[in-house]
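Participant: Sequence:
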Amino acid sequence: MKTNKIVSNNIPISVSLSSTLEAEKDQVKLKYDKKRLIIISILAIFIAVFISIIAKLLIYLIDLITNISFYGKFSIAEASPAGNTLGIWVIFIPAIGGIIVGLIALYGSKAIRGHGIPEAMEQILTNQSKIKPTITYLKPISSAISIGSGGPFGAEGPIIATGGALGSTLGQLVKISHHERKILLAAGATAGMSAIFGSPIAAIFLAIELLLFEFSPRSIIPVALACITGAAGHHLLFGQVPVFKINTVLSTASNSALFAYSIIGIIIGLFSIITTKIVYFIEDSFEKLPIHWMWWPALGGIAVGIIGYIEPKTLGVGYNNITDILSGNLALNLIVSLCVFKFISWSISLGSGTSGGTLAPLLTIGGAAGAILGYFITYTFPASGVNIPLAALVGMAAMFAGASRAFITSIIFALETTGQANALLPLLAACSASYFVSFFLMENTIMTEKIARRGVKTPDSYKSDILEKINVAQVMDDNILVLSSDNSIEETIDCLEKAPEYKSNYYIVSTEQGEYLGIISSSQLYNRMNKPEIKLKTLIQHKLISIENNRNLKTAIELMANEHIDVLPVLSSETRLIIGVLSYSNIITCYRLGQKEYQQNNPTISLKRNGLKLLVHGKKIKHLFNA
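Just so we're aligned: the sequence shown equals residues 1 to 627 in our numbering.
These are computed hints drawn from the structure, not numbers from a lab.
Some clues are possibly wrong.
PhoX-like, lysine-lysine: derived pairs with alpha carbons at most 20 Å apart [said to hold, decoys possible]: (1) Lys537 x Lys554; (2) Lys277 x Lys457; (3) Lys132 x Lys35; (4) Lys175 x Lys34; (5) Lys132 x Lys175; (6) Lys537 x Lys503; (7) Lys535 x Lys503; (8) Lys277 x Lys245; (9) Lys457 x Lys130; (10) Lys56 x Lys35; (11) Lys469 x Lys535; (12) Lys130 x Lys175.
No experiment lies behind these values; they were computed from the predicted model shown.
Using the sequences plus the hints, can you model the full thing?
Facilitator: This is how it looks when you write it as structure tokens:
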């Protein structure tokens, strides 16, 4: 049997029309993808504009309910429950709010319960980013009632959940993929955060760390545009002053101070673990109660009211508490009282399943704990160089980093909301320490524990897809039989009977020069309705789908899935002639080996075998390619 290589000086090479069409198709697809990105970006900006308005309306609604509940007046003027004069009757206000929230959850949607981010994560991971449209208005209303009646939550959790629901709803109304819907969900959620705090960069990283679980232009661009728009909305509707303004400029930390802030980060990291465990312990305790879950927020509200009677500063949003802690002007006993009572009030209320957020309470508790540790360090080691406001700031960020493991978000958020650039290194030191402790000592975070209990696993790393690193040429099978289009059915079957090792469900058909023509199935070949003398080229029904050998496996498997085919002819990127075939089994085997070799840090993979063969006129098997 004569063996020949396909080379330009031996056998004339004809450029396949299918390959040309394939190249043109790829360019069209690329233009289409860019067009889709523009459309998704425009939709993301639209969502951000709308959610910025909703954010302002939410604040108005919270203030309205606060004024009605604690001061008996119909007003949207900024108000804090801490200044109320209700006395012991203040205990009942959060309980009434809890009853109303329970009724909304019972007759509206149970999904309003909780702080919103875990629920959004669950829908992204399990339900193609589909959130009930009713959440768009039920979540802000229920949260406003919960917070306005004294609930120890922030407005950021509800607006993040509302923005996510808005993005998801719009994504369900227009014809887009579930991945594009995920982008709109993340864009809406983070735009809401940016609108409340004026922290667009932190919001972008929140999307990456907690919602998108990827970093790519197709997802980051719409989210970034939405966050920028949300920040513009914040500047227009809330002002341009940092949310947690520190009147003095923090000085650069010394090396000894950096070490002290790292110690604070370690302690706060341990505290974040304890906080998470207690919150879910309380939640589990409510699950064991012999009463309907609708009444749980009312019970939590009674606890909030009792604690609010003892320490009024624990009632409501309490953004002013964070500012007071960061100022360094609060007495130590007040900081300790706020830290302890805010923690008890928030953990019981959140565990009861009411509607509210986690960010503001975590910031308050962490900031207070950081300030306490700062006072202790300065008293014990006066030469440490620790600054109380900076200690409070690093405690605030470290608490969020440890509890949520949104590492970069925590650092950037603290910088954006205070405008203190000199705090970067202390924040990095403290958040790194807190993140380290949390990672090694706690399996799930305050954001993921709830959905983990439902069997939903969240990605914990962003390693690149192995299939993107491997070319088709490394995996394709070139020890196959290619059928000549001029062969008859009778000739082909006769030859296959003599060489059963080449029998397959699908066969590649080409010219004698190796120019790819199409695919025929074994059922077509052995169909008794076909006359034996019919040429194979008349049986070709599949479209001229192929892939070049320099493409990656991810592209190949997407093409196979879209075209509903199990095998994919491989064409040379240089000669445009067929040089092999790729099947699902090749890809699966490669992936299995790739996983193993990835762990060994050795990306070189090759499953190639020698000997591409062509059946010519039913008389001989011609070797087209030898490696």
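Participant: Which numbered hints does this structure break?
Facilitator: 1, 3, 8, 10 and 11
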